[in-house]
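Enquirer: Spelled out from the first residue to the last, the chains are:
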Amino acid sequence: MIKEVEEIIRKIKAKEIAGADDTAIASARALSILAKRSEAKTAKEFQKEVKNTANRLIDARPSSSSLRNCVSSIIREVEAAGNVKLVNLRNLVEASASRFVERINEAKNRVGEIGSKRIRDGDVILTHGFSTTVLAILKKVAEEGKSVHVFVTEARPELKGRETAQKISELGLPVTLIIDSAVRVFINEIDHVLIGAEAIAVNGAVISKIGAAVVAAIAHEARVRTLVAAGTYKLSPETVIGELVEIEEGDRRQILDSDVLAEMKKVDVRNPLYDVTPPQYIDAIITEKGIIPPQGAYLMLRQMMEG
Amino acid sequence: MHALPEKVEEITQDIKTMKIRGAGKIARAAVGALKIAAEASKAETINDFIDEMDFAAKSLLQTRPTAVSLPNGVRFVMGRLIRAKNVVSSVNDLRKHATNAADEFIENSRMAVQRIGEFGAKRIKDGDVILTHCHSSAVVAIIKKAWEQGKRIRVYSTETRPRFQGRITAKTLGEAGIPVAMIVDSAARHFMNEVDKVIVGADAIAANGAVVNKIGTSMVALAAHEAGVLFFVAAETYKFSPETMVGELIVLEERASSEIISPERLKTMENVGVRNPSFDITPAEYIDLIITEKGIIPPQGAISILQEIYGYFSF
Chain A
1 MIKEVEEIIR KIKAKEIAGA DDTAIASARA LSILAKRSEA KTAKEFQKEV KNTANRLIDA
61 RPSSSSLRNC VSSIIREVEA AGNVKLVNLR NLVEASASRF VERINEAKNR VGEIGSKRIR
121 DGDVILTHGF STTVLAILKK VAEEGKSVHV FVTEARPELK GRETAQKISE LGLPVTLIID
181 SAVRVFINEI DHVLIGAEAI AVNGAVISKI GAAVVAAIAH EARVRTLVAA GTYKLSPETV
241 IGELVEIEEG DRRQILDSDV LAEMKKVDVR NPLYDVTPPQ YIDAIITEKG IIPPQGAYLM
301 LRQMMEG
Chain B
1 MHALPEKVEE ITQDIKTMKI RGAGKIARAA VGALKIAAEA SKAETINDFI DEMDFAAKSL
61 LQTRPTAVSL PNGVRFVMGR LIRAKNVVSS VNDLRKHATN AADEFIENSR MAVQRIGEFG
121 AKRIKDGDVI LTHCHSSAVV AIIKKAWEQG KRIRVYSTET RPRFQGRITA KTLGEAGIPV
181 AMIVDSAARH FMNEVDKVIV GADAIAANGA VVNKIGTSMV ALAAHEAGVL FFVAAETYKF
241 SPETMVGELI VLEERASSEI ISPERLKTME NVGVRNPSFD ITPAEYIDLI ITEKGIIPPQ
301 GAISILQEIY GYFSF
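Protein chains in written order, with the working numbering: chain A, 1 to 307; chain B, 1 to 315.
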């Protein structure tokens, strides 16, 4: 047991580390720390330890494809290495972890550049949830001097939208904050809906912050385009073999605090953290490899899995 | 210049300051005030009586300009007076028409929620899963009635930002023993496949069957429509808006940003504004039925309800 590793697992589970990318980066760091500090005596023992920790990281946030992809890519390298000395294996895990982090950061910059091309001067954008990839696009938009107005939903129950509003306003772009329920009232003023993703399934369905699917349905109804900004490390390989992406539920106290709950006998709380936006509501997914229609998710996954 | 009787003035103030609130209560209070005005009038001619009543009516209409139930209550009484004006022989006869009309409106309004409960419960089947948004006493009446009839139902109640009226709904139903799960407004679509019927209340209903209700209703309706789930509106007939028959649009009130985010927090965010519309409009094509105390109608029937009550415009 390494205290720092345990701490990362705890934070991921408790959503103290929240975003899809931050979660993946944290899981890479956990394995990297393990590589440095493991007290394993043999390569085999170390390998077992890495796999074990990898599984615990996945269990801490089962819906996160980026985390899963991150630890799986490290495990794959460990397995491919075969019989090597313990010290080599340690180095390999560390190198593999830092490569994945680099991949995330590069992808985000690239998505920012590619995505920004889709935004025109004068556009009004609506975003939901908190996505560092969406922020990367808006940062580029602001740098290019385009005048863009952004509607931001508050995103109950965690109210992450406030953070999004703050970050966008710091880019110098004007922001209008609204409640999640008000999206349909304003949709006719919007040119593009732009959201991030927690995971992307093989059919191009996008798992994102609860409410994203409603926003996309409203946009579809009003013939407003919905763009998803996501690095390819968000693609979920498990869905190729028919696995469903698990939708986690959060703490009920996010919706009702304990005092109110105690008063409300018989009242249950359901708090799904994500929902699934069907591919027919998505116009394009902006990845670091280019813009694809949601139907292109399958092809990208195949290419990714084939190495 | 007319003066309002003291009691009428007091009721007018209570409506204005929101001491009296809720669509039904406002309407009943305003109509009650008209009855008091009729009883207190010392007018000697029919025209003077009408003038005095008209003054009281206008004072009441100015209290909450966006409410639909209040002007409808006032219109119910005043419409009756105008129509009776040419057939009565004395001020006292006319006064009787006014007080009768007021009594009838108040009684109807009280009975309406109960009738809606009875009509609506017939549309609920054993085992149904119901989703509701915000808090509506008519919706609660339907769900409670169905439960009393022994139908094993369960309910999803959205919390209803920004003011969380969904918590009142959840608490009320929970206390009646009905299993209820609270969800965020955004999760309505996520659970829609489990739902058999969505039932919501209304703040106003337009002549074309469009329903004005708490912000978020139209997106719940969209999610229901998309999933092929039935969408019912429960509303007393005094929520139908006659102005919309002549093409007026219903004004959507927008409230303070402090309902969404604290002024202190907002102040730290440069370039950030807040929009806070309180209502939205659900188009008629997403609505399957409107349950009123006069019976169940399709949204296309809104115009016939309006015509039945108000006829064509006379004042």
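No wet-lab data here; the hints were simulated from the structure.
There may be inaccurate statements among the hints.
[Stated by the list, open to error] Derived, one-sided and incomplete: chain A residues facing chain B with beta-carbon distance under 10 Å: (1) 145; (2) 155; (3) 157; (4) 181; (5) 183; (6) 211; (7) 256; (8) 259; (9) 266; (10) 292.
[Said to hold, decoys possible] Covered stretches of chain A (in silico footprint by chain B; criterion: 3 or more residues with CB under 8 Å from a CB of chain B, positions within the stretch not fixed): (11) 227-236; (12) 267-273.
[Said to hold, decoys possible] Now the in silico label distances, taken between C-beta atoms and shown as ranges: (13) B:263 to A:293: 19 to 29 Å; (14) A:145 to B:268: 22 to 32 Å; (15) B:196 to A:253: 25 to 35 Å; (16) B:118 to A:253: 18 to 28 Å; (17) A:304 to B:127: 29 to 39 Å; (18) A:16 to B:309: 31 to 41 Å; (19) B:179 to A:88: 40 to 50 Å; (20) B:194 to A:291: 47 to 57 Å; (21) A:265 to B:295: 51 to 61 Å; (22) A:291 to B:309: 16 to 26 Å; (23) A:16 to B:58: 34 to 44 Å; (24) B:22 to A:3: 39 to 49 Å; (25) A:145 to B:22: 44 to 54 Å.
Ideal Cβ placement from N, Cα and C applies to all residues, glycine included.
Enquirer: Of all the hints numbered above, which does this structure not satisfy? Sort the numbers upward.
Expert: Hints 1, 8, 10, 11, 13, 16, 17, 18, 19, 20, 21, 22, 23, 24 contradicted; others consistent.
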